[in-house]
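Fit the two chains together into the complex; they arrive one by one in their own frames, and the hints show the way.
Protein chains in written order, with the working numbering: chain Z, 1 to 305; chain X, 1 to 199.
Hint data in this document are derived by calculation from the structure and do not stem from the laboratory.
Even for Gly, the Cβ is constructed at its ideal location relative to N, Cα and C.
One thing to keep in mind: the hints can contain errors.
[Stated by the list, open to error] Derived PhoX-like pairs: lysine-lysine, alpha-carbon spacing no greater than 25 Å straight-line:
#1 Z/Lys-235 with X/Lys-72
#2 X/Lys-183 with X/Lys-142
#3 Z/Lys-268 with X/Lys-43
#4 X/Lys-68 with X/Lys-43
[Claimed, not checked] Computed footprint of chain Z on chain X, listed as stretches where at least three residues anywhere in the stretch have a Cβ under 8 Å from a Cβ of chain Z:
#5 28–37
#6 44–55
#7 74–88
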Amino acid sequence: MTRKGEVSPDPTAIGDVAAPPFVVLPDPMRLFALRAARLRALAETSALAPYLRFLADLAAAQNMTLDGLPEPTRPDADALARAKKFEMPPLDRSRILADAALAATFDRLFAAAQKIEQPAAAADALARVMQAGLAEQEAMARAVLADALPVEAMAEHVYIAAALQIHFARLAAGLAAGSLVSLGDGTCPACGGAPSATMVVGWPGAHGARFCTCSLCATLWNVVRIKCVLCGSTKGIGYKEIEGGAGAIKAETCDQCRGWVKILHQHKDPGIDPFADDVASLGLDLLMRDGPYRRGGVNPFLAGY
Amino acid sequence: MNMDLSRRQFLGTAGAGLAGGALGAFGFGEIEAAFADSIRPFKLVNTTETRNTCPYCSVACGVIMYSKGDLKKGEPAEIIHIEGDVDHPTNRGTLCPKGAALLDFVKAETRLRYPMVRRPGSDKFERISWEQALDRIARLMKDDRDANFIAANADGVTVNRWTTTGFLAASATTNETAFATYKVVRSAGMVVFDNQARV
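Bound conformation, chain X alone (with noise of 0.2 Å):
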C-alpha cells in the first residue's frame, strides 16, 4: 500500500520518529509520542479463532473455538468460548442446547482422554494404551465372529451375516472417513450399523 512508502519518505525527510504521519501533520505529533510512550510497558497477547463441526450429532452445526494463545506460534493454547459460526450454511450461528454447552464437554474432569477398560467382574474402569484397547477389541470381535457368524440361512442362501457385535461411528466424520468405515463395517458383515448419532 502506498502509505507505507509515504511513511518511510516522511520519516526520512523530516527525522520525527513517532511523530510521523497524519497526527503529526495536523500537529498532534507531541500527544502522539506521550501515547506512545504511554502504551510501550503493555504487550500484545495472541488469540486463535478456529472452525470445527460440532461433535453431537448428524445436523454438523458449524462452531467458532476461540482459544487464548496460538499453537501455530509454539504457545500453549487454551480453549476459552465456543460459538454458532455465522457463516456456516447448516445452522446460521444458532446452537442447540447441547452444542451451546460445547464448552463445558471440553473441558469436563469425566471426560474421555485415553483407551480405557472394564473387565468382567471388575466394578472399574483401568487405564490401557491404545495398543492394548485395539488388541483387545480386534481380538474380541473376531472371537464373537468365529462363534456367531451366519453363513447362510435355513434355506442354504448365502448371506454372511453377523448380527452379534453392533458398530456406532462419530457423527462429526468426512465423507472419506464414513466411506471407510462402511466398507470395513459391511465387509465383515456387520448389520448392526449406524454411522452418524441420531439428533
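Only chain Z is shown next, with the shape it has when bound in the complex (with noise of 0.2 Å):
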C-alpha cells in the first residue's frame, strides 16, 4: 500500500492547463522573415496577390535593413521607473524620433525597397520621401505615430510606417516582458500603440488564449475572449465571417462601441501571421464596411478601411 506522503495529487496538473504569458515581445530578427514568407504563401491563391507580393517584398527588405543597424536608444532606468509609476507605455513616442538608429532604419529600408518592383504610384512615394530631409521624415513619423495618414502623401507615410515597425519591434524586444503591466484597453503595453488585429493561439500552454496584436511594435498582449478590444465591454459582442469561410478569420463586433476588430484564429490555421493575414483578408472589411461598425484595428497598409 502506498504510504502517505508518497504522492501529492494536484488535481490541477491533469491534461494541459494553459497559463498565456501577459506579453510576448517581438523578435525582429524572424518577425519580418516570417511576415514575408506568410505573405508570399497567400498571394499563391489570393485575389490581391500583386499587392501581397509587394508587401512581401517590403517585409523582406524590413528584414534585410536589420542586419548591422546602429542600436536604437533605448529608455534609460529612470524613464523606465516614470512610465512604470504613472501607468505610461515603457516606450515613449514623443522622445524616440530624435534617433541615429531611426534615420539609418530610414534611409537603408528606402534604398532596400527602391530595388522592389512596384507601381509607379509607389515607386513615385518612395522617391519623393527619400528626397525629403530627415525633419521632413521625422514630421511623417509623427504623423504615423498619431495614427493620421494625411490622404494627399499616403504612400509616403506608409513607407515611414513601414520603418517604424522595424525601429519600434527592436525596442519592444529590448524590454523586460516581465516588467510589462496593462495599460488599459486596446493599447499595447509596450509603446502604446493600437491594436491591429487579435489572435487566438494554438501554442503549447496558451491553447485558446486571444492576444491582441501592436500595430507598431508588433508586441503581442493577452486580452480575455469575448470582449471588445477597444472599449473594454463584455455586452453585445457578435462573431461575423464570409459565408462558408473555415472559421479562421472573424469580424468582432461590439455593440456597445460599434467598432469592430479582426480575430484571428491562429489555432485553426497555424500558418496565420496577424499583419499577413490582416491585409489578405480584405474581403472581410470590404464586406464589414457596408454594415454599422467601423473598422477598429489600426494598419496603415490598409488604412481606408
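This is the structure:
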C-alpha cells in the first residue's frame, strides 16, 4: 500500500492547463522574415496577389535592413521607472524620434525598397520620401505615430510606417517582458500603440488564449476573449465571418462602441501571421464596410478601411 | 480614429470610389476594385460565442459555447461547438471527459425538455404542464411531510425533522439561488439535502 506522503495529488496538473504569458515581445530577427514568407504563401491563392507580393518584398526589405543597424537608444532606468509609476508605456513615442538608429533605418529601408518591383505610384512616393530631409521624415513619423495619415501623401507615410515598425520592434524586443503591465483597453503595454488585430493561439501552454497584436511594435498581449478590445465591453459581442469560411478569420463586433476588430484563429490555421492575414483578409473589411460597425484595428497598409 | 476622417477626405477629393486608402496610394487601386467586385456577392454570417458554466458538477468549469446565428439580431441560433474557457480561473481551458462531451448533452435526443411523470403502476412517462408538475410535487411533499414529520424526539426535545423526503439541487447555481434553496429546504425541516452534485 502507498504510504501517506508518497504521492501529492495535484488535480490542477491534469491535462494541458493554459497559463498564457501577459506579453510576448517581438523577435525582429524572425518577425519580418516570417511575415514575408506568409505573405508569399497567401499570394499564391489570393486575388490580391500583386499587393501581397509587394508587401512580402517590403517585409523582406525590412528584414534585410535589420542586419548591421546601429543600436537604438533605449529608454534608461529612470524613464522606465517613471513610465511604470504613472502607468505609461515604457516606449515614449515623443522621445523616440531623435535617434540616429531611426535615421539609419529610414535610409537603409528606403534604399532596399527601391529594388522592389512596384507600381509607378509607389515608386514615386518612395522617391519623394527619400528626397525629403530627416526633419520632414520625422514630421511624417509623428503623423504615423498619431495614426493620422494625410490622404495626399498616404504612400509616403506608409513607407515611414514600415520603417517605424522595424524601429519599434527592436525597441520592444529590448524590454523585460515581466516588467510590462496592462495599460488599459486597446493599448499596447510596450509602446502604447493600437491593436491591428487579435489572434487566438494554439501554442502549448497558451492554447485557446487570445492575444492582441500591436500595429506598431508587433508585441502580443493577452486579452480575455469575448470582450471588445477597443472599449472593454463584454456586452453585445458578436462575430461575423464570410459565409462558407473555415472559421479562422472573423470580425469581432461590439454593440457598445460600434467598432470591430479582426480575430484570427491561429489554432485553426497555424500559418496565420497577424499582419499578413490581416491584409490578405481584405474581403472581410470590404463586406464589413457596408455594415454599422467601424474598423477599430489599425493597420497602415490597410488605411482607408 | 483618425483614419476614418482621412478616408472621407480622400474619397471626397479624388472621387476614386473603392480605390481609396493605402492600396490606391501604392498604385494597386485596380486590383482592389476588381477584388471588391469579386467579393460583393458574398454574405456575412453571424456567429456568437457565449460564456457559461458547465452544469455537471460543483467545480463549475467555465465553457465557451459557439453558435451559428445571433439571437440578439432575431436569428435562430444553434450551438455548434463547446470548449473550455481559457480565461476562466477554475479550469483554464480544460474540461473533463463529461464536460468535453457537453455538445452531445445539449443535442441529446433523450434530453428532458419538459416535465414528465410516470404514475404509480404505469410503465411509461407522460408529458404534463409545469403547472400540473409543480402542483403534484407540492401535493406529494405536503402529504409526505404531514405523515412523517417528527416534531420532537423520544426525550420530548423539539427537533422538527422531515427525514422521508430528500432534496438535490443543481450544481450550476449562483450563490443567491443556493441561498434561497437552502432556506426553503431547511425551513421545511428537510435534513437529506445536497445543494451541489458531487464530482
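Structure-based check of each hint:
Between the alpha carbons of Z/Lys-235 and X/Lys-72 the distance comes to roughly 11 Å, so the proposed pair stays at or under 25 Å and holds. Annotation: proposed proximity of X/Lys-183 to X/Lys-142 holds, straight-line Cα distance about 17 Å (limit 25 Å). In summary, the hint linking Z/Lys-268 to X/Lys-43 is supported, as the alpha carbons are separated by about 22 Å, within the 25 Å threshold. About 14 Å separates the Cα atoms of X/Lys-68 and X/Lys-43, which keeps this hinted pair within 25 Å; it holds.
Counting residues of the region 28–37 of chain X whose CB falls under 8 Å from any CB of chain Z gives 6; the rule of at least 3 is met. Given a C-beta distance limit of less than 8 Å, the hint that chain Z covers the region 44–55 of chain X holds, as 8 residues qualify and 3 suffice. Only residues whose beta carbon comes within less than 8 Å of a beta carbon in chain Z count, and the region 74–88 of chain X has 5; three or more means the coverage holds.
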